[in-house]
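There are 2 protein chains.
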Amino acid sequence: MSRIVMKFGGTSVANVERIKNVAAHVKREVDAGNEVAVVVSAMAGATNQLVAWTKEASPIHDAREYDAIVASGEQVTSGLLAISLQAAGVPARSFQGWQIPLKTDAAHGAARIADIEGDTLISRMTDGQVPVIAGFQGVGPDNRISTLGRGGSDTSAVAVAAAVKADRCDIYTDVDGVYTTDPRIVPQAQRLNKIAFEEMLEMASLGAKVMQVRSVEMAMVHKVRVFVRSSFDAPDAAQTGPDGQPLGTLICDEDEIVESQVVTGIAYSKDEAQITLRRVADRPGVAAGVFGPLAEASINVDMIVQNISEDGKTTDITFTLPTSDQARAIEILNAKKAEIGFEALNTEADACKVSVIGIGMRSHAGVAAQAFQALAKRGVNIRAITTSEIKISVLIDTAFAELAVRTLHSVYGLDKA
Amino acid sequence: MSRIVMKFGGTSVANVERIKNVAAHVKREVDAGNEVAVVVSAMAGATNQLVAWTKEASPIHDAREYDAIVASGEQVTSGLLAISLQAAGVPARSFQGWQIPLKTDAAHGAARIADIEGDTLISRMTDGQVPVIAGFQGVGPDNRISTLGRGGSDTSAVAVAAAVKADRCDIYTDVDGVYTTDPRIVPQAQRLNKIAFEEMLEMASLGAKVMQVRSVEMAMVHKVRVFVRSSFDAPDAAQTGPDGQPLGTLICDEDEIVESQVVTGIAYSKDEAQITLRRVADRPGVAAGVFGPLAEASINVDMIVQNISEDGKTTDITFTLPTSDQARAIEILNAKKAEIGFEALNTEADACKVSVIGIGMRSHAGVAAQAFQALAKRGVNIRAITTSEIKISVLIDTAFAELAVRTLHSVYGLDKA
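If you're matching them up, the sequences are chains A and L in order. The letter at position 293 of the first sequence is residue 293 when you use the UniProt record's numbering, and the numbering goes up by one with no holes. The letter at position 42 of the second sequence is residue 42 when you use the UniProt record's numbering, and the numbering goes up by one with no holes.
Next comes chain A alone, as it looks inside the complex (with noise of 0.2 Å):
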């Protein structure tokens, strides 16, 4: 028997014949004499639908009213679940974020999750009921409702299952696991059967789409066991591999991962500008001066390139943004220029992140030499470079982003037989 947390989200609650579907999962694991509890998104366009209201109503808008209207998709789901559950002869119980009580701090709209209440939940599991919880919400200290913004019944997931100490949290979603790469792109992209935390962490802030990166940390964090896996195949279909367990991809600890490979992972991210800043005086505080401003217009910068300085004196610093916040980052930086001193501002936007991900790379050479050779080799020009204990990302041009993407998916190995 093990205690499980299964998380479904909006596509796979988008009307009630894919929500009695999810009950049949549901069923699936109550059946095989697992305690369990669910988390349920908003049917899908619902969400999109409240919020296209909110902003009718008024283009601003109050944080704390956003969040009580748009908290209510995930409430229709968890009770609309619960009620084909019990049809399904399956004890159920929604539980809306306020009932268990699911604290979140006063951040309306994307709050952080502050405490769960482990004992109602865990009291309902071990008599038998499957509590269905509304994700995505909690109850701030001014005790009205919260949301964790978007992609936060992910979180929701995560966070229930570290309060009821599950042994699984299981992620439904719309694909069956996490690939190597972008099977849209490198059609032999392969299924993971398991993934660090640390390499899901770069996987999802990185641009593979499968889950929230808050979601991730938080699992890693708590150390809770994370399965990524299709909702869309029968319930009752033996949805298994050769080995006999289910398909998906199992977000875990390190020490749990056997044999790893060197790269586990390609992931890229389109859509980035890039902005360098010739002979910046190189002194204390100049990183400060420029990212300051930046950060305090809510502009979230990633890649910084800064070079050990020729000179003594003057630096370039190099650094990537999204592309839809690049004007206005020019702006800004333009009207500091006395103030952070800096010769010229050069820009390019069509930029794109490619990165090769692995816990592996710690204790092998080679790795990132291996990755340039190859680039170089298909005529790839590389902008910049940064890298990490786990990670090599590096700047291309976008026209290019795909060709990038394959050749290091095949130079690694990752390539299906």
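No lab work stands behind these hints: they were computed from the structure. In this text, all values refer to a predicted model and were calculated from it rather than measured experimentally. Any given hint could turn out to be false.
The list cannot tell twin chains apart, which means a pair is met if one copy fits it or any two copies do.
[Stated by the list, open to error] Result set (DSS-like, lysine-lysine): computed pairs, CA atoms no more than 27 Å apart in a straight line:
(1) LYS55 to LYS27
(2) LYS209 to LYS194
(3) LYS27 to LYS313
(4) LYS55 to LYS20
(5) LYS165 to LYS416
(6) LYS103 to LYS336
(7) LYS165 to LYS223
(8) LYS416 to LYS55
(9) LYS55 to LYS377
(10) LYS270 to LYS223
(11) LYS313 to LYS337
(12) LYS165 to LYS194
Based on the hints, put chain L in the right spot on chain A.
Chain L in isolation, oriented as in the chain A frame:
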């Protein structure tokens, strides 16, 4: 300065544009220096959609989950109106039943209000905020969302008005008040400026669909003055009569009605079926024997007529009930025939109950006789009669319904000049 509760129904908040119109109505009252709380229904159609999903999930379903699902409709409206008010410069905050709290009993799906904490709402109002309360719902003793049944938003509004000790509860609806009878039948019907609680209770339960019976009962018990008015007029237009007062009908204590008419209105109710039990043994307990089993089957019996027994041994009992329950009632009674002890059961559908209502009847003799004469003159046959202190009801063939209503409306001088 007055303290006012304003209630808006589903058609008044059917879309965001209408919700903004509602905000303008509220702003007008706030600008006039009043303390205001608002109670809202779900957007027209929203509740039907939610109920349909609930039935699709399972035709028979848990009332607790039904409540969690269906209550989301009012939650959305309350948030949207709060945002619209804020955008119009009126400080506002939405409140769900559990946040007030508006406590109900445990009868999910048709809960009754047990208690409302008025302090939070009053302190918001005295601080210059407008609480926007999701109607139709509260929180049960199990800390779960409960709903008050269809039309429960009127009841919410009256209960909130009682809890905050409001001077008036304004019910904005798609008609501009309570009429002497149905204007679709009698074009000469007039809007009443005032009507006593008791009269409105008779009007409401007899088919004048302006307000729910329960909400009128609650208004009478708590002496909440209710003003019925239209939400479709432009909020800023001088929607007033020749006396400078807004157009509508005040439902109030009879003490407030200085010069009351003998007859206030004519109500009618179609789709009544009539059952007569012939030669029922005239002994104690026989009425209980007849109506007990019907009550157990939740069949709502309306008029009951039992004449003085002629021979001292047997009597005839006639009663009416909704046509939809007729077949079931006959089945139940025939099954108990020996036990009850009657000789024959006669039944007819297509009955209509027409009622003459007015608190002035108490002090005026001959009102009933006037009705009977007028109907006889028009050839309308009366099947049965019941009377109370303030009303006379006659059961007639449905074919004569309109004729009877028009005749009575005219004979009591209610026709517009």
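To see whether the hints hold, each was checked on the structure:
no., hint, verdict
1, LYS55 to LYS27, "between (39 Å within a copy, 20 Å between copies)"
2, LYS209 to LYS194, "within (17 Å within a copy, 63 Å between copies)"
3, LYS27 to LYS313, "neither (68 Å within a copy, 63 Å between copies)"
4, LYS55 to LYS20, "between (32 Å within a copy, 12 Å between copies)"
5, LYS165 to LYS416, "neither (36 Å within a copy, 74 Å between copies)"
6, LYS103 to LYS336, "neither (41 Å within a copy, 58 Å between copies)"
7, LYS165 to LYS223, "within (10 Å within a copy, 54 Å between copies)"
8, LYS416 to LYS55, "neither (47 Å within a copy, 47 Å between copies)"
9, LYS55 to LYS377, "neither (51 Å within a copy, 63 Å between copies)"
10, LYS270 to LYS223, "neither (31 Å within a copy, 67 Å between copies)"
11, LYS313 to LYS337, "within (17 Å within a copy, 110 Å between copies)"
12, LYS165 to LYS194, "within (21 Å within a copy, 63 Å between copies)"
Hint check: violations occur at hints 3, 5, 6, 8, 9 and 10; the rest are consistent with the structure.
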